[in-house]
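Participant: Note that the protein sequences, when read in sequence, are chains A and Y. Counted the way numbering that gives the first Met the number 0 counts, the first sequence spans residues 0 to 258. Counted the way numbering that gives the first Met the number 0 counts, the second sequence spans residues 0 to 284.
Treat the hints as calculated values from the structure; they're not laboratory data. Incorrect hints may appear among the rest.
Calculated lysine-lysine pairs in the BS3-like style (CA-CA distance at most 27 Å, straight line) [unchecked claim]:
(1) A:Lys185 <-> A:Lys16
(2) A:Lys186 <-> A:Lys104
(3) A:Lys133 <-> Y:Lys122
(4) A:Lys185 <-> Y:Lys276
(5) A:Lys133 <-> Y:Lys32
(6) A:Lys17 <-> Y:Lys32
(7) A:Lys110 <-> A:Lys21
(8) Y:Lys122 <-> A:Lys102
(9) Y:Lys184 <-> A:Lys91
(10) A:Lys105 <-> Y:Lys184
(11) Y:Lys275 <-> A:Lys133
(12) Y:Lys276 <-> A:Lys108
(13) A:Lys16 <-> Y:Lys119
(14) Y:Lys184 <-> A:Lys186
(15) Y:Lys184 <-> A:Lys32
(16) A:Lys91 <-> Y:Lys276
(17) A:Lys186 <-> A:Lys241
(18) A:Lys32 <-> A:Lys104
(19) A:Lys185 <-> A:Lys104
(20) A:Lys16 <-> Y:Lys244
(21) A:Lys105 <-> A:Lys91
(22) A:Lys16 <-> Y:Lys275
(23) Y:Lys214 <-> A:Lys91
(24) A:Lys32 <-> A:Lys133
(25) A:Lys133 <-> Y:Lys184
(26) A:Lys16 <-> A:Lys32
(27) Y:Lys184 <-> A:Lys104
(28) A:Lys21 <-> Y:Lys39
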Amino acid sequence: MAAIIEVRNVSKSFETKKGEVKALENINLTVEKGELLCIVGASGSGKTTLFNLIAGFEQPTSGEILLNNEVVTGIHSNATMVFQQYALFPWKTVLENIEFGLKMKKISKKKRREIADEYIKLVSLEGFENSYPKELSGGMKQRVSIARALASDSDILLMDEPFGALDAMTRQIMQEQLVKIHEQSKKTIVFITHSIDEALLLSSRLIIFTSRPGRVKSELINHLPKPRTADVQISKEYLELKSMTWETVQQEVLNQIES
Amino acid sequence: MTSFHNSPTLANQKNTNNFPKRNQKSPPKRKKKKFTLSLKIVSILSFLSFLAIWEIITQMGFIPPLFLPAPSQVVVRGYQMLIDGELIGHIFSSSRRVIVGFLISALAAVPFGILLGSSKTLKAIFDPIISIIRPLPSMAWIPLSLLWLGIGEEQKYAIVFMGSFAPALLYTIDATRSVNPILIKAARNFGASNLTVMREVILPGSMPSIFAGLKVVLGLAWTTVISAELVAANEGLGFLIMNGKEYFMTDVIILGMAMISLTVIIIDIVLNWVEKKIIPWREET
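One chain only, chain A, in its complex shape:
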């Protein structure tokens, strides 16, 4: 497997009124092509900052980020973000939202429509093509947003707590769907979450961040059998992995609360 994202010695600080705040410190991280990597960390551990750096919205204070062996120097469309707040365009229909990335790539109207239709099927939203986002439930909105990201056909999906705003049941269904979509589309997915369960269900590998400044604290290969059904979730292996992860995260959460 080839590395698709390489984060090399990346640090990022911000100037604030209270002085300099270090968001990320000396991050080294490689993401393999086709991998589903989960990043777990307490809030304020700079995970979102890392995504902003990968997508080129911000530049690292030191170090560099490579996508497909090319250094990221500015905003580009090779890594598509999926936001917790969906970020759908309210004035566009489901179809038009999904077509947006393709429109930016100047793909013809007819072809756009064809591709969008495929992804509407993929996320089971047939019949809602011409609905506006306000007519959809949270889970449906997030499926549109995932379809929009997939349709644009970048190799990398950066998902920033995408299911954080959903209720527990919808969330579970979305997680199952995401695993299927990942298996079928072969995209590389980096998934931020602060739910250990979610990370264990989805990932092939997970990385735990320290609290501010964010550093890679530990890395864990997740070899739980797939599909990760309810049975797997009560298996001894699962629980061991979970308690191990929690022990690592716990200290960071406490640090965060105390600071």
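Position chain Y relative to chain A; hints supplied.
Facilitator: The following block gives chain Y in isolation, referenced to the frame of chain A:
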């Protein structure tokens, strides 16, 4: 790409998904509709009783008609003036002044406001002038406009323009800036250029707030035109009221006031309808 769409797992999962469908929502909605209908009846009855009490008090002679006329007297006066065409003339000339003045200011303020809202440099250039003009009530422009333009129609248009331009501009600047930054970020992430972000995100995204702002401005335009007509005019609803006062015709005054209210209400209904047509995607806030 196409291979995985036909996979059995996907088809299977489609059936097991129990995502909420729209039809589940309709029963409570119907109940709500019934409730709002009965509330509407309450409102109508309350308005009718208000008129009835007013009518009784004045008819029984508690208040002299010169001081406050009975509603029926106002209605009769309104009917007479409607027949001889005078009333329509006044309504028409006030409305025309409002609409012309308002449209000119909207056409100037909206594009200019979008520009200022999206460029910090331009905003810095024009900020001083705007902050001086902004606090001026439109009526403060009346003396100067009378000296410059006389009491003709141009003066009325100008006064409405002056009264609505600054607020329309400020509403537009605010609307442009209030577009959710995450939408701009999402668009940029898909490779949108600055110009595309403007066309695809900022313009449509600021529409609801611009429209809401313009509705407020239209109300201001009415205030302005009535004030201008009270001071110097020979037709229009403001003139009608002032004229009623000169001849102690309180029924004409009340009639004029009622007509202003009615006209503004009708324009508001029309605007709400237009808004639903041009911004069907608007999210309730």
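Participant: Hint by hint, say whether it matches the structure.
Facilitator: Outcome of the hint check:
1. A:Lys185 <-> A:Lys16: Violated, because 44 Å separates the two Cα atoms, which is more than 27 Å.
2. A:Lys186 <-> A:Lys104: Measuring from Cα to Cα gives roughly 19 Å; hence the hint holds.
3. A:Lys133 <-> Y:Lys122: 33 Å, violated
4. A:Lys185 <-> Y:Lys276: With a Cα-Cα distance of about 42 Å, the restraint between A:Lys185 and Y:Lys276 is violated, given a limit of 27 Å.
5. A:Lys133 <-> Y:Lys32: 20 Å, holds
6. A:Lys17 <-> Y:Lys32: 53 Å, violated
7. A:Lys110 <-> A:Lys21: 45 Å, violated
8. Y:Lys122 <-> A:Lys102: Violated - the C-alpha atoms of A:Lys102 and Y:Lys122 are around 32 Å apart, more than 27 Å.
9. Y:Lys184 <-> A:Lys91: 16 Å, holds
10. A:Lys105 <-> Y:Lys184: 19 Å, holds
11. Y:Lys275 <-> A:Lys133: 14 Å, holds
12. Y:Lys276 <-> A:Lys108: Holds. Y:Lys276 to A:Lys108 sits at ~25 Å (cutoff 27 Å).
13. A:Lys16 <-> Y:Lys119: 22 Å, holds
14. Y:Lys184 <-> A:Lys186: 22 Å, holds
15. Y:Lys184 <-> A:Lys32: 25 Å, holds
16. A:Lys91 <-> Y:Lys276: 15 Å, holds
17. A:Lys186 <-> A:Lys241: 26 Å, holds
18. A:Lys32 <-> A:Lys104: 23 Å, holds
19. A:Lys185 <-> A:Lys104: 21 Å, holds
20. A:Lys16 <-> Y:Lys244: 61 Å, violated
21. A:Lys105 <-> A:Lys91: With a Cα-Cα distance of about 18 Å, the restraint between A:Lys105 and A:Lys91 holds, given a limit of 27 Å.
22. A:Lys16 <-> Y:Lys275: Not satisfied, since the Cα-Cα distance of roughly 44 Å exceeds 27 Å.
23. Y:Lys214 <-> A:Lys91: With Cα atoms ~24 Å apart, Y:Lys214 and A:Lys91 stay inside 27 Å; holds.
24. A:Lys32 <-> A:Lys133: 35 Å, violated
25. A:Lys133 <-> Y:Lys184: 20 Å, holds
26. A:Lys16 <-> A:Lys32: 40 Å, violated
27. Y:Lys184 <-> A:Lys104: 17 Å, holds
28. A:Lys21 <-> Y:Lys39: 59 Å, violated
Comparing the model with each numbered hint stated earlier shows that hints 1, 3, 4, 6, 7, 8, 20, 22, 24, 26, 28 do not hold.
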